[in-house]
Amino acid sequence: MKYFVTVGERTVEVVVDGEAVTVDGRRTVARIDVVAGSPEVRVEIDGFASTLAVAGRQGTAWQLVVAGGVRDVTVEDERSRHIRLLAGAGKAVAGHAALKAPMPGLVLRILVAVGDSVAAGAPLLALEAMKMENELKAAGPGVVTAVLVTPGQAVAKGQKLLELGPQT
Amino acid sequence: MTRRPMRRVLVANRGEIALRIMRACRDEGLETVAVYSDADAQAPFVRAADQSVRIGPPAPAESYLRIDALIAAAQATGADAVHPGYGFLSERAAFAQAVTDAGLIFIGPPASAIVAMGDKTSARRLMAAAGVPIVPGSTKALTDPDEAAKVATKIGYPVLVKAAAGGGGKGMRIVRTPAELPGALTTASSEALKSFGDGSVYLEKYIELPRHVEIQILADQVRTIHVGERECSIQRRHQKLVEEAPSVAVSAELRERMGAAAVAAGVAVGYRGAGTCEFLLAASGEFYFLEMNTRIQVEHPVTEEVYGVDLVREQLRIASGLPMSIPEGPLVPRGWAIECRITSEDPANGLLPSAGVIQWLRAPAGPGIRWESGVESGSEGTLYYDSMLAKLIAHAPDRARAIAVMQRALQELMVVGVATNVPFHRKLLADPDFQRGDIDIQFLERRPDLMAASDDDAAIERIAIAAALLAEDQRISRRVSAPAGAANAGASASAWTQLARRDGLR
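Protein sequence lines, in the order shown, are assigned to chains A and B. Here the first sequence is numbered in my numbering, starting from 2 and rising by one per residue. Here the second sequence is numbered in my numbering, starting from 262 and rising by one per residue.
In case anyone wonders, no lab produced these hints; they're calculated from the structure. Please note that a few of the clues may not be correct.
Unchecked claim - Cut-off 30 Å, straight-line C-alpha distance, at most; resulting in silico cross-link-like pairs (DSS-like, lysine-lysine):
| # | chain 1 | residue 1 | chain 2 | residue 2 |
| --- | --- | --- | --- | --- |
| 1 | B | 401 | B | 466 |
| 2 | B | 411 | B | 455 |
| 3 | B | 688 | A | 138 |
| 4 | B | 688 | B | 501 |
| 5 | B | 401 | B | 381 |
| 6 | B | 501 | B | 466 |
| 7 | B | 501 | B | 381 |
| 8 | A | 101 | A | 161 |
| 9 | B | 688 | A | 158 |
| 10 | B | 401 | B | 455 |
| 11 | B | 466 | A | 158 |
| 12 | B | 466 | B | 411 |
| 13 | B | 415 | B | 466 |
| 14 | A | 138 | B | 455 |
| 15 | A | 138 | B | 501 |
| 16 | A | 101 | B | 455 |
| 17 | B | 401 | B | 415 |
| 18 | A | 138 | A | 158 |
Stated by the list, open to error - Not the full set, but computed from the structure, chain A residues with beta-carbon under 10 Å of chain B:
| # | residue |
| --- | --- |
| 19 | 12 |
| 20 | 25 |
| 21 | 33 |
| 22 | 72 |
| 23 | 117 |
| 24 | 118 |
| 25 | 138 |
To be verified - Just the calculated beta-carbon pair ranges, DEER-fashion:
| # | chain 1 | residue 1 | chain 2 | residue 2 | range |
| --- | --- | --- | --- | --- | --- |
| 26 | A | 3 | B | 610 | 28 to 34 Å |
| 27 | B | 303 | A | 167 | 44 to 50 Å |
| 28 | B | 435 | A | 120 | 28 to 34 Å |
| 29 | A | 73 | B | 381 | 40 to 46 Å |
| 30 | A | 3 | B | 718 | 17 to 23 Å |
| 31 | A | 84 | B | 703 | 21 to 27 Å |
| 32 | A | 120 | B | 713 | 17 to 23 Å |
| 33 | B | 569 | A | 142 | 34 to 40 Å |
| 34 | B | 514 | A | 120 | 52 to 58 Å |
| 35 | B | 709 | A | 134 | 15 to 21 Å |
C-beta atoms are modelled at their ideal positions from N, C-alpha and C, and glycine is treated no differently.
In isolation and in its complexed conformation, chain A is listed as follows:
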């Protein structure tokens, strides 16, 4: 079976045939052992073993804990990748994005206004959580199209704070 695995910005083609696993054309021997009653999984690749954990899964989106870090990974087979590409889902996301609260907290300050043009990494909003002030930054360049919260407002994790549109 052929899979397209996206880790961060990189998509890797992985062909699995039993323990023979080909990664971007390179052959390896790999296997996993799922630990019963636990999210832990033993992974052995070319004789090197490590342990990761599955934190969650929704369809093709997996959240793994690898080397102490949380990794969001997408695993698609050819069919689901084909369907997604046909639907153009990949394109719709680019250029239009919402800033969501990465954790519950309190909005302290809004550092931009509707119509502002922002560069990647520009501070957008200050959020207080766990007694710490955190500056949320733009993931990419864009124009602020909507500000959905006000200073002093408590927000839930994942709540939309701002919307960014494509730069004109």
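Please arrange chain B on chain A, whose structure you already have, making use of the hints.
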């Protein structure tokens, strides 16, 4: 000696330190009382206590900071002593006084010692009088450039021009040569005027690349002693992340000098119990008093490991009027201990705090490992309190082996459900500069790479292989609809994959 028998201790704190104190109490045959906010009703420390009392809603101001509720809880449960832990009310003189006024034992220093060390300016003056070295500087505001030049020459370049009303680096200038001084005075003063409405500035010696080295002291009714140093130079925004004992920068001779200064500081304020003097240690070997923490500290376990003492037990003994159980004569550190603070701060998300339920927690164990945690599988991370989940402490015969033991333990540790700073610790411990002990308090500012999420191609490929195999495992176990007794059903269709499948259907 005045004996004050103690039978039941109320722990006015939460999380790992509450559990730590209750364990020490149990070891000493003392009963314990936990107090908890609504956010902590299910917490391990509450279950560890003999009795527990709800004191209010999650916000600290409505629970752990309510002196009246804490005293009432102590009286209602028949507690005869109160341990404040660290943070919260531990360094509020008013709390120590209220506990004492209620006829209870405060397990900590007298309120007068907390007051004396609480105000930084008066503490510095007091320390200077006691012969404890403080950062040399002008004692009054300076405006005249000629007078400032004289003071700067006396304390020696480089000097720091600081706003008297200041904070946060505003109105601050480093001056390395006499020629730069007049200009720096003018700009610092106008910046201070703009920021604080007060243009007065003063001078202080600028310490290049200092280390944060602190000395643990213990004082009973007869003796005040020091229990060596801890180095806490690995900090981010003044939050310590990694601590160790001893320090690579402290020789036996320097330890005795710093120890003597810390003991003098304690004696000067009539200290009792466990306390810590924080110093800046310059590369030259000169050290300067910063402040005294009049409580048990987060990083106390590294001292316990290398000196073979139980500092909380000594606190309990001293509070009840017993002498400390540490023999007289100089103490020698045995081996090396390192502590990593495991926090729920996500390196992949700019080290923002990550909240959620800990679905699964596997703590490291084995030789040389100590795990001090207030959470377990099922605990919910809350944003009301600080983000530390646990302290991981490694102890080995020398520093290199302590690092190796810590690296092994971090590999064993598995936290699922909240993101942690474990990737940072793994990178730090593998860093050649850290391994050489080449650190100072600005180390992490210079090394943002240690805080950033990063992966090489090989790591990404390994993740991709594992993820593809997981997807394949799911595909196969779904197709083979697992007839009873199927030979490999146990291997692939584990309880976890079944759970994941159910989640997927939801």
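Outcome of the hint check:
Pair hint residue 401(B) plus residue 466(B) holds up; C-alpha atoms about 14 Å apart against a cutoff of 30 Å. Distance restraint check for residue 411(B) and residue 455(B): the Cα-Cα separation of roughly 27 Å lies within the 30 Å cut-off, and the hinted pair is therefore satisfied. Taken as a hint, the residue 688(B) and residue 138(A) pair is honoured in the structure, with Cα atoms around 24 Å apart against an allowance of 30 Å. Taken as a hint, the residue 688(B) and residue 501(B) pair is honoured in the structure, with Cα atoms around 16 Å apart against an allowance of 30 Å.
Distance restraint check for residue 401(B) and residue 381(B): the Cα-Cα separation of roughly 15 Å lies within the 30 Å cut-off, and the hinted pair is therefore satisfied. The suggested pairing of residue 501(B) with residue 466(B) holds, with an alpha-carbon distance near 24 Å, which does not exceed 30 Å. Restraint check for residue 501(B) and residue 381(B): the C-alpha separation of about 20 Å stays at or below 30 Å, so the hint holds. Using a Cα cut-off of 30 Å, the hinted pair residue 101(A) and residue 161(A) holds, with the two alpha carbons roughly 4 Å apart.
For the proposed pair residue 688(B) and residue 158(A), the alpha carbon gap of about 28 Å is at most 30 Å, so the pair holds. In summary, the hint linking residue 401(B) to residue 455(B) is supported, as the alpha carbons are separated by about 20 Å, within the 30 Å threshold. Only pairs whose Cα atoms come within 30 Å are accepted, and residue 466(B) paired with residue 158(A) is rejected, the gap being roughly 46 Å. Of the pairs offered as hints, the one joining residue 466(B) and residue 411(B) holds, with about 13 Å between alpha carbons and a cut-off of 30 Å not exceeded.
Taking the CA atoms of residue 415(B) and residue 466(B), the gap is near 10 Å; set against the 30 Å cutoff, the hint holds. A threshold of 30 Å between alpha carbons decides the hint, and for residue 138(A) with residue 455(B) the separation of about 28 Å falls inside it, so the pair holds. Our distance criterion of 30 Å between C-alpha atoms is met by residue 138(A) and residue 501(B), whose separation comes to about 25 Å. For the proposed pair residue 101(A) and residue 455(B), the alpha carbon gap of about 36 Å is over 30 Å, so the pair is violated.
Between residue 401(B) and residue 415(B) the alpha-carbon distance is near 15 Å, which keeps this suggested pair within the 30 Å criterion. Restraint check for residue 138(A) and residue 158(A): satisfied, since their Cα atoms lie roughly 16 Å apart, inside the 30 Å limit. Nearest Cβ of chain B to the Cβ of residue 12(A): about 9 Å, under the 10 Å cut. The hint holds. The closest approach between the C-beta of residue 25(A) and any C-beta of chain B is roughly 7 Å, which is under the 10 Å cut-off, so the hint is satisfied.
Below 10 Å, beta-carbon pairs count as interface contacts, and residue 33(A) has one with chain B at about 4 Å; its hint therefore holds. Among the interface hints, the one on residue 72(A) holds; its C-beta lies about 6 Å from the nearest C-beta in chain B, closer than the 10 Å criterion. For the restraint placing residue 117(A) at the interface with chain B, the shortest Cβ-Cβ distance is roughly 21 Å, beyond the 10 Å limit, so the hint is violated. For residue 118(A), the shortest C-beta to C-beta distance to chain B is roughly 22 Å, which exceeds 10 Å, and the interface hint is violated.
A hinted interface residue such as residue 138(A) counts as satisfied when its beta carbon comes closer than 10 Å to some beta carbon of chain B; here the least separation is about 7 Å, so the hint holds. For residue 3(A) and residue 610(B), the hinted distance range of 28 to 34 Å is satisfied, since their beta carbons lie about 31 Å from each other. Against the hinted window of 44 to 50 Å, the Cβ-Cβ separation of residue 303(B) and residue 167(A) comes to about 47 Å, which satisfies the hint. Look at residue 435(B) against residue 120(A): about 31 Å separates their beta carbons, and that is inside 28 to 34 Å.
Hint check: residue 73(A) to residue 381(B), Cβ distance near 45 Å, so the stated range 40 to 46 Å holds. Between residue 3(A) and residue 718(B) the CB atoms are about 20 Å apart, so this pair conforms to the stated range of 17 to 23 Å. Distance hint for residue 84(A) and residue 703(B): a CB-CB separation of about 52 Å, inconsistent with the stated range 21 to 27 Å. Roughly 19 Å separates the CB atoms of residue 120(A) and residue 713(B), a value that falls within the hinted 17 to 23 Å.
Separation of residue 569(B) from residue 142(A) is about 58 Å and departs from the stated range, judged on CB atoms against 34 to 40 Å. Take residue 514(B) and residue 120(A): their Cβ atoms lie about 54 Å apart, and the range 52 to 58 Å holds. For residue 709(B) paired with residue 134(A), a C-beta distance near 18 Å keeps the hint of 15 to 21 Å intact.
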